[in-house]
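S.K.: What follows is each chain in one-letter form.
Protein chains: 4
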Amino acid sequence: MSEFEGLFLVEPAGKYTKHLLRIKKVIAWEKTPYQEVAFVELEGFGRALIIDNFIQSTEGDEYIYHELLVHPAMTIHPNPEKVLIIGGGEGATLREVLKHSTVKRAVMVDIDREVVEFSKKYLEVMHRGSFNDPRAEVLIMDGLKYVEETSERGFDVVILDLTDPYAGPAAKPLYSVEFYRKVKNIMREGSVLVTQAGSSYFYPEEYLYVRDNLRRVFKYTGEYWTWIPSFAVNVNFIIASDAYNPWDVNPEEFDERLNKRGVKNLYVNGARFKGLLLAGVLYPRHLIPR
Amino acid sequence: MSEFEGLFLVEPAGKYTKHLLRIKKVIAWEKTPYQEVAFVELEGFGRALIIDNFIQSTEGDEYIYHELLVHPAMTIHPNPEKVLIIGGGEGATLREVLKHSTVKRAVMVDIDREVVEFSKKYLEVMHRGSFNDPRAEVLIMDGLKYVEETSERGFDVVILDLTDPYAGPAAKPLYSVEFYRKVKNIMREGSVLVTQAGSSYFYPEEYLYVRDNLRRVFKYTGEYWTWIPSFAVNVNFIIASDAYNPWDVNPEEFDERLNKRGVKNLYVNGARFKGLLLAGVLYPRHLIPR
Amino acid sequence: MSEFEGLFLVEPAGKYTKHLLRIKKVIAWEKTPYQEVAFVELEGFGRALIIDNFIQSTEGDEYIYHELLVHPAMTIHPNPEKVLIIGGGEGATLREVLKHSTVKRAVMVDIDREVVEFSKKYLEVMHRGSFNDPRAEVLIMDGLKYVEETSERGFDVVILDLTDPYAGPAAKPLYSVEFYRKVKNIMREGSVLVTQAGSSYFYPEEYLYVRDNLRRVFKYTGEYWTWIPSFAVNVNFIIASDAYNPWDVNPEEFDERLNKRGVKNLYVNGARFKGLLLAGVLYPRHLIPR
Amino acid sequence: MSEFEGLFLVEPAGKYTKHLLRIKKVIAWEKTPYQEVAFVELEGFGRALIIDNFIQSTEGDEYIYHELLVHPAMTIHPNPEKVLIIGGGEGATLREVLKHSTVKRAVMVDIDREVVEFSKKYLEVMHRGSFNDPRAEVLIMDGLKYVEETSERGFDVVILDLTDPYAGPAAKPLYSVEFYRKVKNIMREGSVLVTQAGSSYFYPEEYLYVRDNLRRVFKYTGEYWTWIPSFAVNVNFIIASDAYNPWDVNPEEFDERLNKRGVKNLYVNGARFKGLLLAGVLYPRHLIPR
Numbered sequence: 006m007s008e009f010e011g012l013f014l015v016e017p018a019g020k021y022t023k024h025l026l027r028i029k030k031v032i033a034w035e036k037t038p039y040q041e042v043a044f045v046e047l048e049g050f051g052r053a054l055i056i057d058n059f060i061q062s063t064e065g066d067e068y069i070y071h072e073l074l075v076h077p078a079m080t081i082h083p084n085p086e087k088v089l090i091i092g093g094g095e096g097a098t099l100r101e102v103l104k105h106s107t108v109k110r111a112v113m114v115d116i117d118r119e120v121v122e123f124s125k126k127y128l129e130v131m132h133r134g135s136f137n138d139p140r141a142e143v144l145i146m147d148g149l150k151y152v153e154e155t156s157e158r159g160f161d162v163v164i165l166d167l168t169d170p171y172a173g174p175a176a177k178p179l180y181s182v183e184f185y186r187k188v189k190n191i192m193r194e195g196s197v198l199v200t201q202a203g204s205s206y207f208y209p210e211e212y213l214y215v216r217d218n219l220r221r222v223f224k225y226t227g228e229y230w231t232w233i234p235s236f237a238v239n240v241n242f243i244i245a246s247d248a249y250n251p252w253d254v255n256p257e258e259f260d261e262r263l264n265k266r267g268v269k270n271l272y273v274n275g276a277r278f279k280g281l282l283l284a285g286v287l288y289p290r291h292l293i294p295r
Numbered sequence: 006m007s008e009f010e011g012l013f014l015v016e017p018a019g020k021y022t023k024h025l026l027r028i029k030k031v032i033a034w035e036k037t038p039y040q041e042v043a044f045v046e047l048e049g050f051g052r053a054l055i056i057d058n059f060i061q062s063t064e065g066d067e068y069i070y071h072e073l074l075v076h077p078a079m080t081i082h083p084n085p086e087k088v089l090i091i092g093g094g095e096g097a098t099l100r101e102v103l104k105h106s107t108v109k110r111a112v113m114v115d116i117d118r119e120v121v122e123f124s125k126k127y128l129e130v131m132h133r134g135s136f137n138d139p140r141a142e143v144l145i146m147d148g149l150k151y152v153e154e155t156s157e158r159g160f161d162v163v164i165l166d167l168t169d170p171y172a173g174p175a176a177k178p179l180y181s182v183e184f185y186r187k188v189k190n191i192m193r194e195g196s197v198l199v200t201q202a203g204s205s206y207f208y209p210e211e212y213l214y215v216r217d218n219l220r221r222v223f224k225y226t227g228e229y230w231t232w233i234p235s236f237a238v239n240v241n242f243i244i245a246s247d248a249y250n251p252w253d254v255n256p257e258e259f260d261e262r263l264n265k266r267g268v269k270n271l272y273v274n275g276a277r278f279k280g281l282l283l284a285g286v287l288y289p290r291h292l293i294p295r
Numbered sequence: 006m007s008e009f010e011g012l013f014l015v016e017p018a019g020k021y022t023k024h025l026l027r028i029k030k031v032i033a034w035e036k037t038p039y040q041e042v043a044f045v046e047l048e049g050f051g052r053a054l055i056i057d058n059f060i061q062s063t064e065g066d067e068y069i070y071h072e073l074l075v076h077p078a079m080t081i082h083p084n085p086e087k088v089l090i091i092g093g094g095e096g097a098t099l100r101e102v103l104k105h106s107t108v109k110r111a112v113m114v115d116i117d118r119e120v121v122e123f124s125k126k127y128l129e130v131m132h133r134g135s136f137n138d139p140r141a142e143v144l145i146m147d148g149l150k151y152v153e154e155t156s157e158r159g160f161d162v163v164i165l166d167l168t169d170p171y172a173g174p175a176a177k178p179l180y181s182v183e184f185y186r187k188v189k190n191i192m193r194e195g196s197v198l199v200t201q202a203g204s205s206y207f208y209p210e211e212y213l214y215v216r217d218n219l220r221r222v223f224k225y226t227g228e229y230w231t232w233i234p235s236f237a238v239n240v241n242f243i244i245a246s247d248a249y250n251p252w253d254v255n256p257e258e259f260d261e262r263l264n265k266r267g268v269k270n271l272y273v274n275g276a277r278f279k280g281l282l283l284a285g286v287l288y289p290r291h292l293i294p295r
Numbered sequence: 006m007s008e009f010e011g012l013f014l015v016e017p018a019g020k021y022t023k024h025l026l027r028i029k030k031v032i033a034w035e036k037t038p039y040q041e042v043a044f045v046e047l048e049g050f051g052r053a054l055i056i057d058n059f060i061q062s063t064e065g066d067e068y069i070y071h072e073l074l075v076h077p078a079m080t081i082h083p084n085p086e087k088v089l090i091i092g093g094g095e096g097a098t099l100r101e102v103l104k105h106s107t108v109k110r111a112v113m114v115d116i117d118r119e120v121v122e123f124s125k126k127y128l129e130v131m132h133r134g135s136f137n138d139p140r141a142e143v144l145i146m147d148g149l150k151y152v153e154e155t156s157e158r159g160f161d162v163v164i165l166d167l168t169d170p171y172a173g174p175a176a177k178p179l180y181s182v183e184f185y186r187k188v189k190n191i192m193r194e195g196s197v198l199v200t201q202a203g204s205s206y207f208y209p210e211e212y213l214y215v216r217d218n219l220r221r222v223f224k225y226t227g228e229y230w231t232w233i234p235s236f237a238v239n240v241n242f243i244i245a246s247d248a249y250n251p252w253d254v255n256p257e258e259f260d261e262r263l264n265k266r267g268v269k270n271l272y273v274n275g276a277r278f279k280g281l282l283l284a285g286v287l288y289p290r291h292l293i294p295r
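Protein chains in written order, with this note's numbering: chain A, 6 to 295; chain B, 6 to 295; chain C, 6 to 295; chain D, 6 to 295.
Wrong hints could be hidden among the right ones.
One copy or two, it doesn't matter: identical chains are merged, so the pair holds either way.
Lysine to aspartate or glutamate pairs mimicking EDC-like chemistry, simulated, CA-CA at most 20 Å apart [as the list claims (entries may be wrong)]:
| id | residue 1 | residue 2 |
| --- | --- | --- |
| 1 | K125 | E183 |
| 2 | K36 | E8 |
| 3 | K30 | E41 |
| 4 | K104 | D217 |
| 5 | K269 | E10 |
| 6 | K36 | E46 |
| 7 | K177 | E194 |
| 8 | K36 | D117 |
| 9 | K36 | E10 |
| 10 | K30 | D217 |
| 11 | K29 | D247 |
| 12 | K189 | E119 |
| 13 | K20 | E64 |
| 14 | K125 | D138 |
Since the hints were made in silico from the structure, they are not lab data.
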């Protein structure tokens, strides 16, 4: 068969261009009450979760995203015991959180039951059984609502693994000052939050919206980004805390903490996290201050 | 007009996927004796040079590539006076080199007269007049042949701005041990070489071929990479030197040197370069040592 | 959502170009022992059957193909009682055959049980219950083998609704002189055969192979073609018979026969069939005799 | 080089799908005061004229369109001496008109000087020198204006080779009752008009608009269509006349007239034209009267 025949996913790669990925196999394709969810096998990237035609995670490179989302925030905290994940339906964020032996309880809140159920069924390669860990609790509900209504308090780390801030009007409230204030409400003193923050190169306004909102609510922020091969674009992350400055943990201490907690990573270690902090944020040319 | 009608460039974005970029305007399109050369305007990226259907540089983001290629190598050298550029037809590498006030002579060797002539005509936005700088000398000849035949010696910095190492059999000799030995021959003692090195994530074998060859010929190497938005993939760079270890220059000294030499950058500074060194190289999952 | 994002089918439209169709919904996608089978909903064309990434039939325009395949052959025969269909898994060819009240028995032989089962389930819009007609018998077996091994004789009309003659080496035997001789063996004296014959414009060699083979085995042939909107290319048909010359039935008689047999069509009538015969075959320029 | 890399033209193929054609070579690409005009070489179709990203004519298959546009109208007229072409910048319509030895004068009116000049230069393969025929007169002006302002009268045949009726609001006036009345004004008694009429399958409303307008102004109309391989869609034509019913000329007489006038065609003859008239118009399913 020809290289360019068959089923393809067409994704925007940033604002101006499109990315075509060959779908080798459709495993499941469902319209849930919230979104269109697909589990497919992508040429070169393996099993993948696609939501509303956007790649969320692929077997081949999800480790880059999930390790970078989870470990810096977990590791700058000296003893994360209680962790909240909002989003993260495929279970890979949960998997990374549970690597830390300090964790006693990890609450994951995802709005879409079907994403979670399908992931349990088709994405063992991602969750690796984390849903069955006795420390894990999975709630199916709107993250916004959870934060407003739960009586739980005292989260040490909060991980926001949400739809992109540029994904449309529905996404904005999840990156607002109001939301961050409510999240802070259920965090312990001396805790850490991290969020993915879209793509600073292609969506700088949305990125700065997130960053500035976090800065209004938290004392310290740390910004870093990477490129995710299957996304074709860069993904930014922001850590925020009133207690811990992400710049303060030196690489050796970072690695020692990972080591003590039994965390083995493919990508993230202390030097790399420090490097990414130093490397700074990539903006489009017209936004660079001269 | 519809978003998805008209003229498009289809480029491979790594090994498995394609990238579609809308061409807003064709400025020139020529078959030279060496390659097919196009000057176009790309949606969102501005004026661009395309060779054999691969984007080389775009007005919008070429600064990322050219600053990262040039300034680390130039700056870890304490006093680069004589610089050799092989490739770099659009004149942007030359532009960055000439920013350093220490430079007395910059020889640029490109095989394709028409790329250089067209760039002079259509890409002022890239070369910014660097071709007319009295310190610059532009030779139209095969870089391999130049290195073998020139009687010039004593280059402080050599910058290899060449076709990708995965671009086919013609590219391999430009990244071989033999080539690096010949280049070293015309370098001064205490000099620095830098090359772009393809994409370690999508073409790890080719990347490691380049790195290992450099390691056989030079004492120190420094590896770093970034993502180029219009390429959709990551680009790696390797610095090699017998005299200067890229890890040794601290960020403050780096910035001080840039400052003293009158170099003003959009992206590269000491912290960023150090960060990229620390961030390490990105490999596909199956190549990560456990 | 953008017009050009999401799931697309990329099909070759002739030899040189590609056709992109938006898939609105994936209904089922299965690898059978013989092929990859998909039931999807295509933008603008509705429910569709796709085999090995080629559109076979769409809700919107399958009537053009199926009426043109079936009714000319059925109607130039004065009294078709026993009909054999080879291929035609979605049941639409069977549906058109059964419109003729003269038909007492229609045997349909398709190699792929899953295509038939899935079509029963998902393509009611195509088969319209024809699988349940008491006159229909559906056999799951290789058409080549059926023709060689069956003890049935006396088919009045044979309809070959097969993979394209240019689809690869597996297709050739289904359009060979040997095959046509074997088919003739189980046809009654005074019977008619029809086959789809690929695309004379894009695959003229394969088309002429089919036509010349039929001419070697049958006395009369009649050639006609149309364009199928969802295929983007033309499709040719050839009628062959020892008894009936397709050119001999005049439009009025054609319509009268359809009328007497209770056949109501969307597209095919006597004038149109005569028109298509007269319009002749479309070849690429270099094959047109001067 | 890979089959799916490089420069592509993306065209809508009907309303719902896209057609990708590989551009082998860009010959010229210009923005004129009226439109964007490209002369390219297309894989499989040869040299091509593209206006506003829509293929107008390709070396490989333009004969189908131009012969079908010109010869039926010219031939049902017993003695066409004076012919008006509106549009047709590449000169191929003019070429076909001038084949008829009865023609004493052919006036071609095209709005875009650059299309005509470029065609003279790059599309000899299409115009074949027709611009230099002493019987030809080429005027650069708006066809609408020409029809309103010219003092010429007595055209025997008028050929409207215009932008598609579905191409946007600018196209509508060229297919209006008012326009047809004005054109009729400068036609001789006993004359014939023909227009291309878009795509009845994908744009039935626009097609019926054209047909109904012609029916209001002329006594007889004749409708026919074909598929143009490089367009991927069907193209309709309508002949209109107060004097000659297109259905009245029998195929033998048609061929005899062509023969007497020295016309040699690749595709059009009397039988084919009759066949296409008989084959009727193709509408989408929901518009077919039951």
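S.K.: Take the hints in turn and mark each one as holding or not.
M.R.: Verification of the hints:
no., hint, in the structure
1, K125 - E183, "neither (33 Å within a copy, 53 Å between copies)"
2, K36 - E8, "between (29 Å within a copy, 19 Å between copies)"
3, K30 - E41, "both (17 Å within a copy, 10 Å between copies)"
4, K104 - D217, "neither (31 Å within a copy, 34 Å between copies)"
5, K269 - E10, "neither (40 Å within a copy, 37 Å between copies)"
6, K36 - E46, "both (18 Å within a copy, 14 Å between copies)"
7, K177 - E194, "neither (26 Å within a copy, 57 Å between copies)"
8, K36 - D117, "within (11 Å within a copy, 29 Å between copies)"
9, K36 - E10, "between (26 Å within a copy, 17 Å between copies)"
10, K30 - D217, "neither (42 Å within a copy, 38 Å between copies)"
11, K29 - D247, "neither (46 Å within a copy, 47 Å between copies)"
12, K189 - E119, "neither (29 Å within a copy, 55 Å between copies)"
13, K20 - E64, "between (25 Å within a copy, 16 Å between copies)"
14, K125 - D138, "within (13 Å within a copy, 44 Å between copies)"
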